[in-house]
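*Asks:* What follows is each chain in one-letter form.
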Amino acid sequence: MFGILKKLKRSGVVGMNQRNADFILRYNKRSLYPLVDDKLRTKYLAMASGIAVPKLYGVIEIQRDVARLPEIVEGHEDFVIKPAHGSGGSGICVITRRLNNRYRQNNGDLLTEEDIAYHVSNILSGLYSLGGQPDQALIEYRVKFDPLFESVSYRGVPDIRTIVFRGIPVTSMVRLPTRMSDGKANLHQGAVGAGIDMMTGRTTHAIWQNYPIEQHPDTGVTIGGLEIPHWHKLLTLAAQCHELAGLGYLGVDVVLDRELGPLVLELNARPGLSIQIANRRGMSQLLEKISKLKEIPASAAERATLGQELFLKNQT
Amino acid sequence: MRKLHLYLLTFVLCLIGLGLTYYKIAVIGLPLAASEQTEVWNIETRVSFRAKPDNAIKVSLPLPPNSPNYFVLDESFISAGYGLAVEQDNTNRVAHWAKRRAQGKQLLFYRVVLLETEESKQESSVPSPVYPQIPNYPEDLEPIIKGMLERARQQSADTVSFSQRVIEQLNIAQSAPAPELKPLLKHITQPRSLAKNLSWILEGARIPSRIVQGLRLQDGKEYSDLEYFLQVYDGERWRSLNIKDGQEGLPSNFIIWQIGADRVLSIEGSSESSIQYTVAKGLREAINIAESRSVEKNIHLMEFSLYSLPVHVQNVYKVLLMIPLGALVVVFMRNIIGIRTFGTFMPVLIALAFRETELLWGVILFSLVVGLGLLLRAYVEQLKLLLVPRLAAVLTMVVLLIAGISVVMHKLGLEMGLSVALFPIVIMTMTIERMSLTWEEAGPAEAFKQVTGSLLVSVIGYLAMNINEFQYMFFTFPELLLVVLAIILLLGRYSGYRLMELWRFRAFIKNKL
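These protein sequence lines map, in sequence, to chains X and G.
Using UniProt numbering, the letters of the first sequence correspond one by one to residues 1 to 316.
Using UniProt numbering, the letters of the second sequence correspond one by one to residues 1 to 513.
Treat each hint with caution, since some may be false.
Chain G side only, calculated, beta carbon under 8 Å to chain X, not exhaustive [unchecked claim]:
id, residue
1, R206
2, A378
3, Q382
4, K384
5, L386
6, V388
7, R493
8, Y494
9, S495
10, G496
11, E501
12, L502
13, F505
14, A507
15, F508
16, I509
Restricting the straight-line Cα-Cα distance to at most 27 Å, the calculated cross-link-like pairs of lysine-lysine (DSSO-like) are [as the list claims (entries may be wrong)]:
id, chain 1, residue 1, chain 2, residue 2
17, G, K3, X, K7
18, X, K313, X, K7
19, X, K292, X, K233
20, G, K3, X, K292
21, X, K294, G, K3
22, X, K9, G, K99
23, X, K9, X, K55
24, X, K289, G, K3
25, G, K3, X, K6
26, G, K58, G, K99
27, X, K6, X, K233
28, G, K3, X, K29
Just so you know, these hints were derived from the structure itself, not from any lab.
Even for Gly, the Cβ is constructed at its ideal location relative to N, Cα and C.
If we strip away everything but chain X, and leave its shape as in the complex, we get:
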């Protein structure tokens, strides 16, 4: 057992306790959590500082306003409803098109207006929020993801998770929905995680259910070697989010829209650790190096470049 411990340590794997004690507790002020836990506030902040996010169609805050839903989505063929305080992709409802007065969900179900109203009511009553406090429902633009991922995701939007430490992007992975994850991009729900080479923006290895895999479990397409477009821009976007929230240790989820390019979907103050397995590389050496840096560039683009340089140095 001590052999295993040694190997993990040598691989630089950050464990849950270390993440909590050395990074989250030290670099993330508790009072800043509401900024990222509330997607509405995150969105307003992002919009204020010019960070690209999916367009907000409307917000429903009280039960009475549920009836306003048709009004809000009027003129939008497709949209997404999500709870402002949801976590791990819970409570998100994606409507892809309308059909005979019904709404077609991304999993193929046809929902009546009543079904959707019930879902919104559930969101408002706090069903999906942490601790069950009353919540708000956001209705926003549905991302049309880049065709690049068409063959490696199953119903749902793949996103790119980047860990940003002190404003410097450290490591990234693509999260690909599967049949098992029901179109959601969370690894613990069965999504595939694919590591990304920080220099080139190409996918490398992938894991699924903590097992290394090469092909997507549903489509059978090889996952490695996909090149993510606008890679540096995407990293810069992720780095920008540091200023937005003021959190030192941050997970940034970005989606690639086929027309709008990278859009920030949400921020996470306690990003998971499986990203290390997806990259087959621990991140503790990098994090330690960054924690010792005396000066950090002010511009997000420079920080993105610095992140790539550190990655390269760490690899050799």
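Use these hints to put chain G onto chain X, whose structure you have.
*Replies:* For chain G alone, coordinates are given in the frame of chain X:
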């Protein structure tokens, strides 16, 4: 820096916790285990006499003093209609009973409970006695005594051995009387006169001596008289000598009742008086002994112990004080082992619920109710209710479910099903709600993982919290919670891998090296 602070803090917490505990064990004498019992001696002194009519009655009875070897835990006087006063002079305590008139046979009792203590330190500063003047022995005895003292002086080195020689001579004389000692021996008819005479003879060599009377403690014995020992002062302290053979030291299990040769009992206005001592060995809860000792020693700490609370409050605290231990188990299982549970303290709550149902029945009941509750909740889900009404509906159904289970079990003759209380119902409802949420959000696999994790942790927590020794220890030494706190603080800074992470990150072990 921060680590040093933490280590110092934990050190101080442990120091205070363990130090107070040690103090309570070593000084107050609190036992470490609940069932610990200590042997005590119960001695009953029974005084009986016949009152002379038309006479006031005064009875004086010496009481055993608090000696370094024996501690008076409890004493009681039983004397119907008699006035009682206890007097203490510089050597003895004496009880005085008095009554204006009495008729017929009278009985007085004095009962004492003695605890034998280990601290057998000598009375450190006894005032040195006055060296006696050589008495004026009667003419016929003077040469005999002089001769005895002369022989003893030749055969001895110090006060003790000198006295021993005198005792030997007098005793040998008694069994095979030398003719010249006969006049002396006719005064010696019983132990009391032997002791008195020894003291008197030793005065001829200016040796201070005194007589002590006491009881040999033997279970189930009855005595009608106290035993006599002679104590001589060797310049520093009193040394006890057996008046039969001159052996030094008091026998073990011997309690000095009275110092001096005075008659034990004096009664005015009576006839046919007799006294009887009954000795019996008994057991007492060590905890009670510690309490009465601390009162006696003027240690106020015990007044602030949880034992001073009313009994029903004590019982609440017995449970309450175990919760930190359960929390420690949860911390350990989550942060060191890495087992997933519903919330942080749900397992502690479930474990507390088990206390009311017993473990096996608790687990069965829990699984049954949670399983059925989940089914019912899935059904309610169809009705598309809002959150709070739905929770209330599930709660109502859980109550009905448990009531139903209780009735069925009662009919089957299984009384365990009845041991449900208010508390577990709320906990089970919360669990059902949490579990069904997890089920929806993360799938049934995750929900089962978490519910089994919670159940496992709560079973371990229950087992830990139900160890009687721990319950007793935390109740008697609540300061031990500081040690628990210290451990929790230390675990709070543990930033190493969790045991389950070795499994989670196993890909690194295979691929990297």
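*Asks:* Next step is simple, just say for each hint if it's right about the structure.
*Replies:* Tested hints:
Using the Cβ-Cβ criterion of 8 Å, the hint placing G/R206 at the interface with chain X is not satisfied: the shortest such distance is roughly 80 Å. For G/A378, the interface hint is violated, since its Cβ never comes within 8 Å of a Cβ in chain X; the closest pair sits about 15 Å apart. The restraint placing G/Q382 at the interface with chain X is violated, with a minimum CB-CB distance near 11 Å, outside the 8 Å limit. Taking 8 Å as the C-beta contact cut-off toward chain X, the hint placing G/K384 at the interface holds, the least distance being around 5 Å.
A hinted interface residue such as G/L386 counts as satisfied when its beta carbon comes closer than 8 Å to some beta carbon of chain X; here the least separation is about 5 Å, so the hint holds. Look at G/V388: its Cβ gets to within about 7 Å of chain X, closer than 8 Å, so that hint holds up. Because the beta carbon of G/R493 sits about 6 Å from the nearest beta carbon in chain X, less than 8 Å, this interface hint is met. The interface hint given for G/Y494 holds, since its Cβ lies 6 Å from the closest Cβ of chain X, which is under the 8 Å cut-off.
For the restraint placing G/S495 at the interface with chain X, the shortest Cβ-Cβ distance is roughly 4 Å, inside the 8 Å limit, so the hint holds. Checking G/G496 against chain X by beta carbon gives a least distance of about 6 Å; that is within 8 Å, so the hint holds. A hinted interface residue such as G/E501 counts as satisfied when its beta carbon comes closer than 8 Å to some beta carbon of chain X; here the least separation is about 5 Å, so the hint holds. The interface hint given for G/L502 is met, as the beta carbon of that residue sits about 5 Å from the closest beta carbon of chain X, less than 8 Å.
The closest approach between the C-beta of G/F505 and any C-beta of chain X is roughly 5 Å, which is under the 8 Å cut-off, so the hint is satisfied. Taken as an interface hint, G/A507 checks out: its beta carbon lies about 5 Å from the nearest beta carbon of chain X, inside 8 Å. Interface hint status for G/F508: upheld, as the beta-carbon distance to the closest one in chain X is roughly 5 Å, under 8 Å. For G/I509, the shortest C-beta to C-beta distance to chain X is roughly 5 Å, which falls under 8 Å, so the interface hint holds.
Proximity of G/K3 to X/K7 is assessed by CA-CA distance (about 26 Å); at most 27 Å being required, the pair is judged to hold. Pair hint X/K313 plus X/K7 holds up; C-alpha atoms about 21 Å apart against a cutoff of 27 Å. Only pairs whose Cα atoms come within 27 Å are accepted, and X/K292 paired with X/K233 is accepted, the gap being roughly 26 Å. A hinted pair counts as satisfied when its Cα atoms are at most 27 Å apart, and G/K3 with X/K292 qualifies at roughly 18 Å.
The suggested pairing of X/K294 with G/K3 holds, with an alpha-carbon distance near 23 Å, which does not exceed 27 Å. The hinted pair formed by X/K9 and G/K99 fails the criterion: a straight-line CA distance of about 89 Å is larger than 27 Å. The straight-line distance between the Cα atoms of X/K9 and X/K55 is roughly 43 Å, outside the 27 Å bound, and the hint therefore fails. Using a Cα cut-off of 27 Å, the hinted pair X/K289 and G/K3 holds, with the two alpha carbons roughly 21 Å apart.
Between G/K3 and X/K6, the direct Cα distance comes to roughly 23 Å. Compliance with the 27 Å bound is thereby established for this hinted pair. Restraint check for G/K58 and G/K99: satisfied, since their Cα atoms lie roughly 7 Å apart, inside the 27 Å limit. Between X/K6 and X/K233, the direct Cα distance comes to roughly 37 Å. Violation of the 27 Å bound is thereby established for this hinted pair. Restraint check for G/K3 and X/K29: the C-alpha separation of about 20 Å stays at or below 27 Å, so the hint holds.
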